[in-house]
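Whole structure, please, built from the sequences with the hints as guidance.
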Amino acid sequence: MTTRNLSNETVSTPDATYSLKTLALFLIPIVLLALVIALFWFSRGAGLQVEPAAPIESVQFHRTVLKPGVIEIQLQNTSPQEITVAQIAVNDGFVPFNATPAATIPRLGVATLTLAYPWVQGSAYAIRIFSSNAVPFDTAIDVATETRGADASTLASFTLIGLYVGVIP
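In numbering that gives the first Met the number 0, the protein residues as written are 0 to 168.
Calculated from the structure, these hints are not laboratory results.
In this text the structure is predicted, and so the values were computed from the model without any measurement.
By construction, the Cβ of each residue, glycine as well, lies at the ideal position given by its N, Cα and C atoms.
No false leads were slipped in.
Label pairs and their in silico Cβ distance ranges:
{"no.": "1", "residue 1": "83", "residue 2": "150", "range": "32 to 38 Å"}
{"no.": "2", "residue 1": "131", "residue 2": "25", "range": "52 to 58 Å"}
{"no.": "3", "residue 1": "160", "residue 2": "62", "range": "17 to 23 Å"}
Dropping the structure here:
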């Protein structure tokens, strides 16, 4: 290809054609990437999703509610597999419990454990939950007191505090 510049001279410029070698160098990485993705897709991770030798179990305690004669514990399964709650000990004594929706909690599932336990106002309680693999999960109630529910007076109190803190200044 030839062009003319401002001084009316003919200048030769190379053609912008792609050779077969350039095209192959462009396509080889793309084809290799597609093959690696296909390998992982069809082999379910090429063996990377191996079950651990020992179970990895963890839970997160969300809320503990105290009602007269009842302790309710809401927890979430944060481990990679499901967990079955087998036993619960309060201050080193095993207590019966009900699990809602079930004692087996799926991955990232939430369950509420209800314990019929005669707790005493102002006392401290150490709660240990055991999974079916005998892995313990501990939580504590430092000072036991009945959990207040939300009612109109609570809403009015928080609204008044919000006005004092956020609007009046």
